[in-house]
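Student: Following the hints, position chain S against chain E.
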Amino acid sequence: MDSSTGTDVSIAGISKEYSTGVRALEGIDLSVGGGEFVTLVGPSGCGKSTLLRIVAGLVEATAGRVSSSRPGNAAFVFQEPALLPWRTVQANAELLLELDHVAPAERRERASESLRLVGLAGFEDSYPHRLSGGMRMRLSLARSIALRPNLLLLDEPLAAVDELTREGLQDELLALWSAVGFTAMLVTHNVTEAVYLSNRVIVMSPRPGRIVADIEIPFTFPRAAELRSTAAFAHLTGVVSAALRGAHA
Amino acid sequence: MRNASVLQIAPPVAVAVILVAAWSLATATIFAGRGYLVPSPSDVAAAFAGNAGTILDATLTTLREAFVGYVAAIVVGVAIASLLSYSRTLERGLYPYAVLLQTVPVVAVAPLIVLWFGYGDGSVMIISFIMSLFPIINNTLLGLRSTSHNLIDLFKLHHAGRLVTLVTLQLPSALPQTLAGLRISAGLSVIGAIVGEFIIGSGNTRGGLGVQIIFAQGRMFTALLFAEVIAATLLGFCFFLAVSASGDRLLRNWHESAVSE
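Residue numbers (this note's numbering), protein chains in the order written: chain E, 5 to 253; chain S, 17 to 277.
Treat each hint with caution, since some may be false.
[Said to hold, decoys possible] Computed cross-link-like contacts, EDC-like style, restricted to lysine to aspartate or glutamate with a CA-CA straight-line distance of at most 20 Å:
#	chain 1	residue 1	chain 2	residue 2
1	S	K172	E	E64
2	S	K172	E	D104
3	S	K172	E	E84
4	S	K172	E	E102
For the record, the hints were derived by calculation from the structure and aren't laboratory data.
Same shape as in the complex, but just chain S:
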């Protein structure tokens, strides 16, 4: 058991050590004296340490914005999917536009959102929300549609109303797919929040990671910029892990993919 976990952890750790060593070597040779382009690992670590408070504040701000957008996307996404599954006609009418909306680049729309909702974290949350919404709708709808026909018939046979069928049967049946959507959206919500912060960020010294990244870039604080990019990556990753873990917990009693582990 111990050996197995060592074998699991050793390879990625080895890769990380090699990468940092290569990075260190490159900054000492190719990029020597050009730390404003590629700072050395120790410069980045120093930037981290020297700005720990700012980076932590910014990370928490981004997390808060992403979280609000994400939770709103879950509520609205599941509601829209339920509505679309309610009637074939409704789905036929609306789904093409849902797909079309999905292909609109959020980055391109973000300035419009800021124009409508102002230079505040409200706009950031809305952009994060839009970014997270579609995987949740798509996956939930897929799950709702693939509910066992026999079970649908059984509920019909016992005169269950559509709402009872939705709540007692279809939404729980769709849970594995909904959770797959939630996993995808967890990362997207952080990306959405940072994109939003880019748009509202210029000139703003306080604010989330996106704001700080633009700020660091403008002043050529490249080591700080690296530190913030790493913080943003870790934030997205941890968010994803937290969502995955809660999902596995929810499914642990019944779903094959969660059970077999």
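Only chain E is shown next, with the shape it has when bound in the complex:
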């Protein structure tokens, strides 16, 4: 999927200083092309999550601006699935459509379609507590996908699941990305995950966060699990890790 169709998100001169005087981000310039999968990596507290929240509009930047070619159609996926335990799988998948005042019939149809895409068809009437951790995260993804977003913001969505589930979910995330065709911005501190998923990895410095490297990941999509054990893959994770270490020094 190399169908970069112009710039989707353009981040210009973003800085963030909290009222406590802590400077989280300084002079971030980044432009993300339509349909790209861009990952932000950096040490804990470097402001990468804050940057994602600024792009979403959940946090206000102190300076700079974010513009989007198709504003108002972004979805946000959190580190925890953030489901409503009193709602069935189907009703959870419809939640955001409900908040966006989509008509009930269309809501049902779009939610069912998303559940099919993440492999949760047949679980519509279950409650979240009956699902495994991986299935809950897939439901959380389905809830966002149902919006048919052009931009998906992912804040360490796979950090809380075990290694095996994580690798499975990475493949599903890529499959969703190529099936739905959204632009993805992912935050993670896992270098392997960043290289495996993205076509670009942005490396950030410790606080105040700045961009220290913008690394192209040239592997073609679709990618398969074996990619992780190739020399070229090891080389690129090495490059990203070195950039991270350089940023620390």
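Tutor: Positioned in the frame of chain E, the structure of chain S alone reads:
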């Protein structure tokens, strides 16, 4: 399965048998001839049987008063908690007084309520209401405040209004805590009703358990007094059980504590 339930039921039943036996023995020895102080279990059973109609009427009267006070406390309590959670400023301004009001002994205020609202069951309901109110406010507010921040952000991201967020997200999130408050208040509402009846009760031969208890005490009908105390205890207990059971039913699909059983 059968054995397990027998093992569960046997110990409390054994304790009850031992207690009644000890009570029986005490009335036959220490309190022999002083049934006006401690009547024997059989005297109490006889008082129960002989006044079954009166006790049942009184119990139903108290239940009705407690229930009205309780339901009013649920409506008002959840509304106040929602209002307080609406704005930090509002909470800062009002919450200290809510706590202060909570420390006012209801027993001390009850005569004032009767003075304002008269010697009727309306006053009893109001006292029961006041008694039930605070656990519901406190617990609901706690629940509303502990709604997941991510979910609040998600609702914000999709431009959900505060009312939509309250109804769709916060109140359901708070349900386990609200129900914990409702359990506490179930017992309190019965206590409130009986306290209210004490105040309005003297000289009144009809009325709830509180009225009957004062009446029995005034005439030294100690066995009847015991029977009525037992009826009041059972009433509070059953009320609590009914609220717990409905709560578990509501939560059965989603809350860990209700699910795992």
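Student: Looking at the structure, which of the earlier hints fail to hold?
Tutor: Nothing - there is no hint that the structure violates, so all of them hold.
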